[in-house]
Structures are given as structure tokens and as C-alpha cells.
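Participant: The lines below spell out each chain.
There are 2 protein chains.
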Amino acid sequence: MNPILVDVLRGGHVESQHCGAVAVLDVDGGVLAAIGDIERVVFPRSAIKVLQALPLVASGAADRLQLDEAELALTCASHGGEALHASTVAAMLAKAGLGSDCLECGTHWPYNELASRELAASGARPSALHNNCSGKHAGFLCLACELAGPGVNLRQYVKGYVQPDHPVMREVTAALEAATGALLHAAPRGTDGCSIPAFAIPLRRLALAFARVGSGVGLSADHARAAKRLRQAVASAPFMVAGSGRMDTRVMDRLGARVFMKVGAEGMYCAALPERGLGVAIKIADGNNARAAEVVVAAVIEACLPLNSDDAAFMRGFSDCTLRNWRGTEVGALRASAALRAALAETLGNPG
Amino acid sequence: MNPILVDVLRGGHVESQHCGAVAVLDVDGGVLAAIGDIERVVFPRSAIKVLQALPLVASGAADRLQLDEAELALTCASHGGEALHASTVAAMLAKAGLGSDCLECGTHWPYNELASRELAASGARPSALHNNCSGKHAGFLCLACELAGPGVNLRQYVKGYVQPDHPVMREVTAALEAATGALLHAAPRGTDGCSIPAFAIPLRRLALAFARVGSGVGLSADHARAAKRLRQAVASAPFMVAGSGRMDTRVMDRLGARVFMKVGAEGMYCAALPERGLGVAIKIADGNNARAAEVVVAAVIEACLPLNSDDAAFMRGFSDCTLRNWRGTEVGALRASAALRAALAETLGNPG
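Line by line, the protein sequences are chains A and B. Just remember that this note's numbering sits 884 ahead of the position in the first sequence, which is counted from 1. Just remember that this note's numbering sits 884 ahead of the position in the second sequence, which is counted from 1.
What the hints contain is simulated information worked out from the structure, not anything from laboratory work. Predicted model only: the values in this text are computed from it and were never measured. Honestly, I wouldn't trust all of these hints.
Which chain A residues face chain B? A few, computed with CB under 8 Å, are given here [said to hold, decoys possible]:
| id | residue |
| --- | --- |
| 1 | 902 |
| 2 | 927 |
| 3 | 993 |
| 4 | 1001 |
| 5 | 1009 |
| 6 | 1011 |
| 7 | 1073 |
| 8 | 1074 |
| 9 | 1078 |
| 10 | 1151 |
| 11 | 1192 |
| 12 | 1193 |
| 13 | 1194 |
| 14 | 1196 |
| 15 | 1210 |
| 16 | 1216 |
Using N, Cα and C, we set each Cβ at its ideal position, and we do this for glycine too.
Using the sequences provided together with the hints, build the complete structure.
Facilitator: Following this line, the structure appears as C-alpha cells:
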């Protein structure tokens, strides 16, 4: 059983707790922190979108289609379906000569509640553009432009691009395999929420992949350049990777390229901390990413990076925060467990 | 550490798991099932609204104000804020000569997403009537009519009714104490999402209280009659206790008075199964009530009640269900763990 990483308090008493595992690795594969079982395979879900976007940039497709930083950031995003997210994805698709009807991610109402209500108030319905994965899928379609080659009917070519044996998905899977070093043909496999293949990979290998993303070490030269460009794009357009009020947007808006972080469904987080050459992978056992994974990734960032007091207090606002009820009364707290803080301090030391 | 009760599968592989505890008791306090630590205190949250509504009926206030079954069902509810919920709460308040401005539960957008979007599309904003606890609070205000007595300025009297020392909350706390047998003045205390006091109570005592609610045994005569009337009200108006598509509504719509069940925040469920004289209390350790607590309560009902094959299949649809993604593709399953099924079978036997 993995250790308790997060305590949820009410009136000073523990009400709920979240268990999980944390891996922090350096670029040489050295394990700096192993909290819980980091060899167990997990489905990384949306936390690895940056790895899945590497072929788009490495292939030259992003340059040829003149994708800008906001568009590149969207390829790594689980966005809230706000108006700017949807319109930017539409612009990307137009550059590829395709439309939202080519997206195979499915449709849902925007995850951002205000955006959802505004869409309803306007009398409109959501489209695949509002799907939180639409930017990643638009990136797949842009990659398809490159892979299809001249003279091919592109709309015909992209059909079924989410299937494991489509050329697009083969490229994407190969990039994931190269970055993690996991042998994916033998990995447990499922289907992701957006219909692409989902592979289960040891947490340790996911942390290694993110150490590589942050440093370029261990990646091919093309993938190393692509990783750097994608990190820079997200750092310059952090709204695109999540949205209003969301942790990934708020943290990267403040810390810039010092942190590349990405939430995934079912309690996943992956992060790269380039200045220390570290990669981080987190899995909350119960699948809670709405609160638990955020607390843990904040505590890991605090433990790994030398932060000034303002930035440290900002991060502490995620790892040790007050819970209020509907009237604004303080009712409890959400905080990194003593066990997590101790394990991080012991293995990572104090970077300040 | 409590045992794993729920497995979340993707592509046939475990992706996430939920741990927790289950207590099933009879009216004499006999423990039929103790899975995990049932002596540990938990905050029952909204799962015990029926206990908090006992004084409303027992005091005669419900009769004097001629509350109907839909209104009584709402006093036990965590409703979705659908139009019928909000309008019925408004009607209750009118019977008490009060308005929604007297509610101290706070305001949030309807939990039912369609209702939320419809409200936004109409150009309106939510009020305290849309708060999922507004029916319970309207019940408190109706009780206040009785407690205030003649000649008292009611609007003045009800101010601060959510505070522990207000006469309304003293009555409510006394009913909770009587039903559970827990000494609440010494219990860990917090504040609930709707601003009333929240007491932490051993899971075993919550199950006992629900055995009492289902049978009347162990309650005062007034509380026993009140419990029966509230159960009948919910059985006849199950939409009011939750709402469209919600588990409590669907199960009680189908099984009627055979089951009285109520979800609570942070992974809580309580249930009474009158025909077997059993009470059930469930706590998911990580606080997940959106999926985990539902799976567990369904498995417990299956194990406790003799169901015909259609009803058994209906309940199995909650305890062992397919997960689909945004395109409708089957991606996984949510199911009661083998450990939970085995523990239930061992202690409760097969009722069929």
C-alpha cells in the first residue's frame, strides 16, 4: 500500500486522506526520491501530452504550418474549453486545411464552468473544439499533414488517426517509447478518454522521461529541440495549457520556464524542473487529480527548487491551503502529509 | 489501513482504487459486517439529513405547516438544484412565512449541470434555493416556527439558526445524539459545507442509527413515528432527495420503501434496510462519493436484500459498471473489489 500523501482536514480533524507514489529522477536515471511503489505501472493519461507532441515539432510540421506559441502550448494542454482555447484550436486546424469535424476526441461541455454557462447562455452547443484534448488532437492532425505527403487526400488520410496502427499514432507511440524507454508493445494497454491508445508505464520511467524533456539529455537531437520549443511555448502561453484559475496555468504564469508541469486524469502529474535536471511523476492511488495531485506536485516543487519567499508562499498556497464553505467560512484545510514532507526533505534536501 | 473496496479498471488493468470501511448493524447493535475500522470517527456530512429532520416532524411543526411528502423528502435531500427542487423549497419557506433570504446555507450554482446551464441561459443567477442543502435548511426554519412560539418575531428568531447554540440546532444535535448514542459534546467538531455544526461519529454508531431509522427500535416514540413518515415521504417522492439521473433517486424510485439511502460529502453513505432491520454506514477513505461510495452501497444492498433478477441486475449496474469515453467507446469498468464481495458474502450470506 502506498503512503498517505495528502490530509484533508475539517475543524482540525482528518476527514479524508489520499495515498500515492512519487518518483523524482535525474537525467542519468538516478532516483532522488522514491515515495511509494515507483516501479508499478500507471496510465499517465494527459500528463504526457508534451511527449505525444514531440513528433509534431521534430517532423518539421509545426514550422511548415507556422504554428505559433499559443498553438504549440495547446498541443500539450488539457484546456478548460474557454472561448480562446476553442478559437485557437480552430485556427490551428485551418492552417492544416482541416476542420473540427476531423477531430476524433469526442465532444463535451467545457470543463470551465463559467465557459460552459456562457456557451449555454449564447444558445450554442459544445463541439469537439471544447474537448479538453482538442489541442493535442489538432497537433496530431497537423502532424498528419507532414506524414501524408504530397498528392494525398488529407481528409481521407486522417480518418482513424486515433487508432494504434495509424501512421500518426505510430509516430506518437514511438516518441513516448523513446522518451520513457518503456517497451510499449508489451505494456498493459487501454483506451484514453479522447480515444487514443493509453499505455501503462512504471512511474519511475515517466519521471525519467520528464528529466529528459527538461534537459534534452537522452533524447534524439530532433526530440531534444522539440521538447525545448514546446516548453518555451507553454512558458510563454500558460493560459493555453489549462485555463482561468487552473494550477498549471497559475504556476507556470508565475515561475515561467523554471517549471514544466502537467496534470493528467486519475490523479496523475508529471513535471520537468530544468534548472535541477529533474523529472517528477506522481500518481494518486484513488485517481483524485482535482485536489490531491495538486497538493503533492506543489510540495515536490517546493522541495526541489530554490524559491524566493514570495514564490515559496505562492506554492505553499497549493500544498497547504484553507478550505472554505459556500458562505466563505473556513471549515478545514488541504495539506501535504507530514510523511510526504519528511520523505521529500530527507531525499531532496533543502534547495534554498 | 482500510481495505480496497472499489477497483477502477482501464483496458482490463487496475488504474485506480478506493479504500474504505463498511458497517452493517442490526437494531440490537449487533455487528453483521465490519469491513475496515468501523470504530474510527467520520464526519457523516449530508448522509444523516434524515436524523437532522426528525425534530421537524416529531415537534408537530410539519403537520401544523401542512408540509407534503415532496417537501418532507426535501428536508432529507442533497438535491441537484433543478427547477422543481428550488420552487418546492420556496413553497416550504412560504408556509413558514419566511423567504430564501432567511436561508444561511450559502449559494452555489445547481449541481445538476443541465439545470445550471438552463439557469444561465435564462439570464438568472443562483440563489440559496439552489444550494443542495436548501431543503434541509427550509426544514430547520419550519422547525423554528414551532420553537419560537407565539408573539415572537420569527425573522429575528431564526437569525443564526446554523450556530451550535441556537435552539433549532440544539434540537437537531439532540436528535443526532439520541439516534447514534454518541456523546456529541465530546466529539471532534467542525463546520459543514452548509454552515451547521459537523460532528465526527464512529461508523458503527451511524449504522446503528440507520437500523433505528428503519425500524423505530431504540428511538423515542415521537422520533420513531417521524422516521417512518420521513422514509415514506422519500419513498413517494424520490426525485426530491437527489434528482435527475442520481443514484439515490433511481434506486428508491425502483425499490421504494425497501431502501432508504443517502449519500454524503467526502465519500459517505448511510442506508436503512427496514425489511431486514439493518443499518448501513460507509466511508470511502479518500472522500470520493461521486463514484466509489455508490459502488459500495450498491454491493451492500445486493448482499443484504433478497432481490428478483431484474432488481439485482439493476443494482449490479451500479456496483459493476462499464466506463465509456466521450465518443461512447468502452474504456474500462468500475466495480466492487473481490475483497468487498467476499467480506459481504461471508458476513451477510446470500439473502436470495
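Participant: Give a verdict on every hint.
Facilitator: Here is how each hint holds up against the structure:
1. Given the 8 Å rule on beta carbons, the hint for residue 902 of chain A holds: about 5 Å separates it from the nearest Cβ of chain B.
2. The interface hint given for residue 927 of chain A holds, since its Cβ lies 5 Å from the closest Cβ of chain B, which is under the 8 Å cut-off.
3. Checking residue 993 of chain A against chain B: minimum C-beta separation of about 7 Å stays under 8 Å; hint holds.
4. Interface restraint check: residue 1001 of chain A against chain B, minimum CB-CB distance 4 Å, threshold 8 Å, status holds.
5. With a least beta-carbon distance of about 10 Å to chain B, the hint placing residue 1009 of chain A at the interface is violated under the 8 Å criterion.
6. The criterion of a C-beta within 8 Å of any C-beta in chain B is not met by residue 1011 of chain A, whose closest approach is roughly 12 Å, and the hint is violated.
7. Contact between residue 1073 of chain A and chain B, as hinted, is supported at the beta carbon level, the nearest pair being about 5 Å apart and thus within 8 Å.
8. Interface hint at residue 1074 of chain A: satisfied, since its Cβ lies 3 Å from the closest Cβ of chain B, which is below the 8 Å cut-off.
9. Hint status for residue 1078 of chain A: holds, given a least beta-carbon distance of 7 Å to chain B, under 8 Å.
10. Interface restraint check for residue 1151 of chain A: the shortest CB-CB distance to chain B comes to about 7 Å, inside 8 Å, so the restraint holds.
11. About 34 Å separates the beta-carbon of residue 1192 of chain A from the nearest beta-carbon of chain B, more than 8 Å, and the hint is not met.
12. Contact between residue 1193 of chain A and chain B, as hinted, is not supported at the beta carbon level, the nearest pair being about 31 Å apart and thus beyond 8 Å.
13. Taking 8 Å as the C-beta cut-off, the interface hint given for residue 1194 of chain A is violated, the closest approach to chain B being about 31 Å.
14. Taking 8 Å as the C-beta contact cut-off toward chain B, the hint placing residue 1196 of chain A at the interface is violated, the least distance being around 28 Å.
15. Annotation: residue 1210 of chain A was flagged as interfacial toward chain B, and the flag holds, the nearest CB pair being 3 Å apart, inside 8 Å.
16. Taking 8 Å as the C-beta contact cut-off toward chain B, the hint placing residue 1216 of chain A at the interface holds, the least distance being around 6 Å.
The earlier numbered hints that this structure contradicts are 5, 6, 11, 12, 13, 14.
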